[in-house]
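Work out the full structure: start from the sequences and follow the hints.
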Amino acid sequence: MSPLIAQGRNSGHCRSGWAKRTDIVETLFGIREKSSGTITLHGKKINNHTANEAINHGFALVTEERRSTGIYAYLDIGFNSLISNIRNYKNKVGLLDNSRMKSDTQWVIDSMRVKTPGHRTQIGSLSGGNQQR
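With our numbering, the residue at position 47 of the sequence shown is 48, and numbering never jumps.
Hints are computed from structural coordinates only; laboratory data are not their basis. Please read all numbers here as calculations on a predicted model, not as lab measurements. Glycine included, every Cβ here is placed at the ideal spot set by N, Cα and C. Don't take every hint at face value.
[Unchecked claim] Derived CB-CB ranges, DEER-like:
| hint | residue 1 | residue 2 | range |
| --- | --- | --- | --- |
| 1 | Val109 | Ile56 | 15 to 25 Å |
| 2 | Val94 | Asn48 | 26 to 36 Å |
| 3 | His50 | Thr122 | 27 to 37 Å |
| 4 | Val109 | Lys46 | 33 to 43 Å |
| 5 | Ala52 | Met113 | 19 to 29 Å |
| 6 | Gly129 | Asn53 | 24 to 34 Å |
| 7 | Lys93 | Ala52 | 19 to 29 Å |
| 8 | Gln107 | Ala74 | 13 to 23 Å |
| 9 | Lys103 | Gly130 | 19 to 29 Å |
| 10 | Ser36 | Asn99 | 35 to 45 Å |
[Claimed, not checked] Computed cross-link-like contacts, DSS-like style, restricted to lysine-lysine with a CA-CA straight-line distance of at most 27 Å:
| hint | residue 1 | residue 2 |
| --- | --- | --- |
| 11 | Lys116 | Lys93 |
| 12 | Lys103 | Lys116 |
| 13 | Lys35 | Lys21 |
| 14 | Lys93 | Lys103 |
As structure tokens, this is what we get:
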């Protein structure tokens, strides 16, 4: 076994040559099936079978290939900036709160200085730097 990460409490091990770091990260995040081994978080063994489980355990994923796996290029900035926590935008009757979504999207645009005509602009039409933000 060789160390994968060795800083503070964040540590992991993998067999030499077992996988690329992308495979390991995707396995930790629950989007790639784990063939063996365990994931231990705060001394407790966990299983991230899905990305939703990983998020509930406090994991996050920033993809290597933004254009192919990190954005929905044909959808707008609002959708792309809120999709990871869309369930937090439901109102009391379970419908999406559009005014709150628009306000939070504008906050993302302003705070990250995204150069865009508006929150309804397809993210794929923005420059690479603005997509990345």
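Of the numbered hints stated earlier in the document, which are not met by this structure? The structure breaks only hint 11.
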